[in-house]
Amino acid sequence: MSVFVIAVPAKGRLMENAERHFARAGLALIKPRGAREYRGAIAGLPGIEVAFLSAQEIAQQLAAGAVHFGITGEDLVRETIAQADDRVVLVEPLGFGFANVVVAVPQAWIDVRSMADLDDVATAFRLKRDRRMRVATKYVNLTRAFFAEHGIVDYHIVESAGATEGAPAAGTAELIVDITTTGTTLAANGLKVVEDGVILRSQANLVAARAAAWGLGERETARLVLDRIAAYTRAAAFRELRTRFPGCNDALLAAAREKFGVETPFGGPTSSGMLTLHCPPGEVHALATFLREHGASTVVVGELDYVFARDNPLYAKLENALAPLAGNG
Numbered sequence: 050m051s052v053f054v055i056a057v058p059a060k061g062r063l064m065e066n067a068e069r070h071f072a073r074a075g076l077a078l079i080k081p082r083g084a085r086e087y088r089g090a091i092a093g094l095p096g097i098e099v100a101f102l103s104a105q106e107i108a109q110q111l112a113a114g115a116v117h118f119g120i121t122g123e124d125l126v127r128e129t130i131a132q133a134d135d136r137v138v139l140v141e142p143l144g145f146g147f148a149n150v151v152v153a154v155p156q157a158w159i160d161v162r163s164m165a166d167l168d169d170v171a172t173a174f175r176l177k178r179d180r181r182m183r184v185a186t187k188y189v190n191l192t193r194a195f196f197a198e199h200g201i202v203d204y205h206i207v208e209s210a211g212a213t214e215g216a217p218a219a220g221t222a223e224l225i226v227d228i229t230t231t232g233t234t235l236a237a238n239g240l241k242v243v244e245d246g247v248i249l250r251s252q253a254n255l256v257a258a259r260a261a262a263w264g265l266g267e268r269e270t271a272r273l274v275l276d277r278i279a280a281y282t283r284a285a286a287f288r289e290l291r292t293r294f295p296g297c298n299d300a301l302l303a304a305a306r307e308k309f310g311v312e313t314p315f316g317g318p319t320s321s322g323m324l325t326l327h328c329p330p331g332e333v334h335a336l337a338t339f340l341r342e343h344g345a346s347t348v349v350v351g352e353l354d355y356v357f358a359r360d361n362p363l364y365a366k367l368e369n370a371l372a373p374l375a376g377n378g
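Counting the sequence shown from 1 gives a position; this note's numbering is that position plus 49.
Mixed in with the good hints, there may be bad ones.
As the list claims (entries may be wrong) - With a straight-line Cα cutoff of 27 Å, these simulated BS3-like cross-link-like pairs (lysine-lysine) come out:
(1) LYS241 x LYS308
(2) LYS187 x LYS60
(3) LYS80 x LYS60
Claimed, not checked - Derived DEER-like restraints, expressed as beta-carbon distance ranges:
(4) GLU312 x ALA365: 15 to 21 Å
(5) PHE357 x ALA59: 29 to 35 Å
(6) LEU139 x PHE315: 30 to 36 Å
(7) VAL349 x GLN105: 44 to 50 Å
(8) ASP166 x PRO362: 41 to 47 Å
(9) ILE79 x ALA197: 43 to 49 Å
For the record, the hints were derived by calculation from the structure and aren't laboratory data.
Computed from a prediction, not measured in an experiment: that's the story for all the values here.
Ideal Cβ placement from N, Cα and C applies to all residues, glycine included.
Generate the whole structure from the sequences, applying the supplied hints.
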């Protein structure tokens with residue numbers, strides 16, 4: 050068995066969120082040789098090496114199969130890795146690092162609301178000025194694919210090395226494709242997002258490299274890691290409610306499932322009337338009211354740390370995407 054490598058961001062908010070997410074899943078990232086080290090481990094799980102890299106490097110290492118898992122933005126995966134779905138598996142979106150890759154034009158272009166409008170402007174621009182419009186971006190591949198989808202050909206990409214949003218004001222481009230979270234920076238630079246110009250709604254993902262070594266040992270390590278992540282993810286999606294009342298029956302539970310998205314992890318009520326329910330957080334108060342209206346005198350609500358189940362959808366997704374082992378296909 051080779052060393053199982055997990056690549057995580059080396060700095061910034063992505064690193065902080067990644068470390069927090071892993072820690073909550075019982076996978077504490079440690080640096081035994083000191084905080085300045087770029088190699089680490091996971092406490093209590095031998096055989097795993099943690100590589101601290103830039104988000105861009107993580108995407109490149111995933112493409113090369115040099116790491117097994119990596120945490121990076123989907124935008125970088127799609128931009129960096131050609132035919133990404135054939136080379137990596139997006140195992141799970143992690144709920145942080147949200148940003149959109151968008152087409153943004155000057156606010157003064159009041160007649161440009163859609164990509165079709167932009168196509169018209171691009172054609173007119175070329176005919177009038179005898180050159181194509183310049184698009185400043187770091188997302189060259191995503192831009193080309195998106196513009197091709199919309200039939201836009203009269204443009205020229207200017208690869209951006211600095212603050213892309215400043216390119217139109219500086220006169221180095223007519224419009225941009227860039228990443229944004231709130232749109233505030235775009236607006237401050239006199240830009241607006243084209244209405245149908247969202248190329249990708251991105252967030253940080255746990256990504257697996259198809260080209261990495263995936264023998265029995267590596268798959269077992271992946272299963273252990275994903276078991277903890279799945280248990281934490283499942284727990285975060287529910288609150289646990291406990292109650293006891295004799296009037297509870299199958300019809301009442303069926304109504305609770307339909308109205309509130311309730312799960313009954315241990316089946317129906319016990320012989321003493323004790324009942325345990327798992328409920329989405331946003332439905333807790335309504336469900337508590339519903340139960341009391343039907344005879345419950347007390348409903349106790351608590352958070353869940355982990356919910357381990359026999360089925361692991363994250364590992365199943367990975368296993369289904371990987372080539373079968375010799376002798377098992």
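Sort out which numbered hints this structure fails and list those numbers smallest first.
1
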